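Engineer: Got chain A; can you put chain B on it based on the hints?
Here are the chains, one letter per residue:
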Amino acid sequence: MLLYLINKEIKLELRNKYALGGIFLYVIATVYTSYLSFKNIIHPATWNALFWIIMLFASINAISKSFVQDSNGRQLYYYTILKPQTVILSKMIYNAILMVFMSLLCFAFYSVFINYLVQNLPMFLLSLLLGSIGFSTILTMVSAIAAKTNGNFSMMAILSFPMLIPFLITLIKVSKLAVDGIDNSVCYPYLLVLILINIVVVGLSYILFPYLWQD
Amino acid sequence: MANLKWWKIAAIVLVLYTIIAGFLMPVPTLPILHESIRNLYFHVTMWFAMIIILAVSVVHGVKFLNKGQRYNDIVSSEAAKVGILLGILGTTTGSLWANNTWGAWWVNDPKLNGAAISLLFYFAYLILRSALPDEDKRARVSAIYNIFAFTMMLVFIGVLPRMTDSLHPGNGGNPGFGGYDLDGNMKMIFYPAIIGWSLLAVWILSLRVGFKVLVEKIQNN
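Top line first, the protein sequences correspond to chains A and B.
Taking numbering that gives the first Met the number 0, the leading residue of the first sequence gets 0, the next gets one more, and so forth.
Taking numbering that gives the first Met the number 0, the leading residue of the second sequence gets 0, the next gets one more, and so forth.
Just chain A, same shape as in the assembly (with noise of 0.2 Å):
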């Protein structure tokens, strides 16, 4: 049922293509506004930063619509068929695989417009993975929230905040590690919160989501 569920939702992202492509299209735009008004980044600090700072934005816009998109009647065919946990376990596989996507297609435009300062590439795809995971968990379950309130942009953006700003710091010590280069032993603490807050989310979702749907 969850992948049946992940395949669909896969398939209507394909069918919108304006949807899928005006991602892509956002993330290409601001990198490439970045590279018109930086230029060229040499500063460790500074490239990595802003690469966080457009994948964060990046990633509120992408996961915002998760709970939009269906209609009325199609919640109401899923509510009588489907557990909730699969539901919201779907959502978040599916935003993280197109988080994964999307933060890959990023960071080569990053690399090839900005800089390409990585000197430990793995452990840096190792927290752009924990990464693009971390924001569409978190993302998601607060997507849901807003949609009750009918779902605007700013909602999603207050709601979440507060949840993606700690992620978010974390996220840039380990890449800035990796970006310098420093040894993996280093980062495996902060890997670790990633994944213990990643854990936390998808847990709390699981738990909470049944009491969100009952409408």
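Quick caveat, the hints were computed from the structure, so don't treat them as lab data.
Please read all numbers here as calculations on a predicted model, not as lab measurements.
Built from N, CA and C at the ideal position, the CB exists for glycine as well.
Heads up, some of the hints might be wrong.
[Claimed, not checked] One-sided and incomplete, this derived list gives chain B residues near chain A with beta-carbon spacing under 10 Å: (1) I31; (2) I116; (3) S117; (4) L118; (5) F122; (6) R139; (7) A142; (8) I143; (9) V158; (10) L159; (11) G183; (12) M187.
[Unchecked claim] As a list, the in silico DSSO-like pairs of lysine-lysine whose alpha-carbon atoms are at most 27 Å apart: (13) K38/A x K175/A; (14) K136/B x K216/B; (15) K216/B x K82/A; (16) K82/A x K62/B.
Structural biologist: Chain B only, in chain A's frame:
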């Protein structure tokens, strides 16, 4: 005084004791901190009281999700508001202290970030509430956000400050409030102060809840 409940009398006595003894009793002389260590009785206790009141808020949020009683929602939202008040007081006392000790009102420090994030969570909670016009929906959605926010907040303030060095007392080798330099005299005021401020917070909460319940009663008639 006669018709006050025992715990309200205890709150008055303990808070008065905290203020009087907190300013007059001797404290250990430590470098950097000096007399400002007395802020322990006011700043640190605010955070204790805040966590207790926010825990009350979450417990009533969970109760609401299980039983759907209107009363639980009132307690939950009012407790969040009292928690915000305590959080603002905690930040203000901390900021005043920081300006005298560190020479800056605010520094980039994990503990301070944790405080700012906790406040952001609950401001977002209030905005979420105001964005939902339907009473039942508001209660349910905000209870969900409340549980989500409180758990995440505990993770953030429990884990993140341990990841890095901090200027804040009790971290990174700075003379702290806990452990070796908290002598007997200070404990005699610190522990009663926690209980006193927490009871006072509960008192404020009970007044606000009583008021809200009365307002609803009048509106329903």
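Engineer: Against the earlier hints, flag every one the structure doesn't satisfy and list their numbers going up.
Structural biologist: 1, 11, 12 and 15
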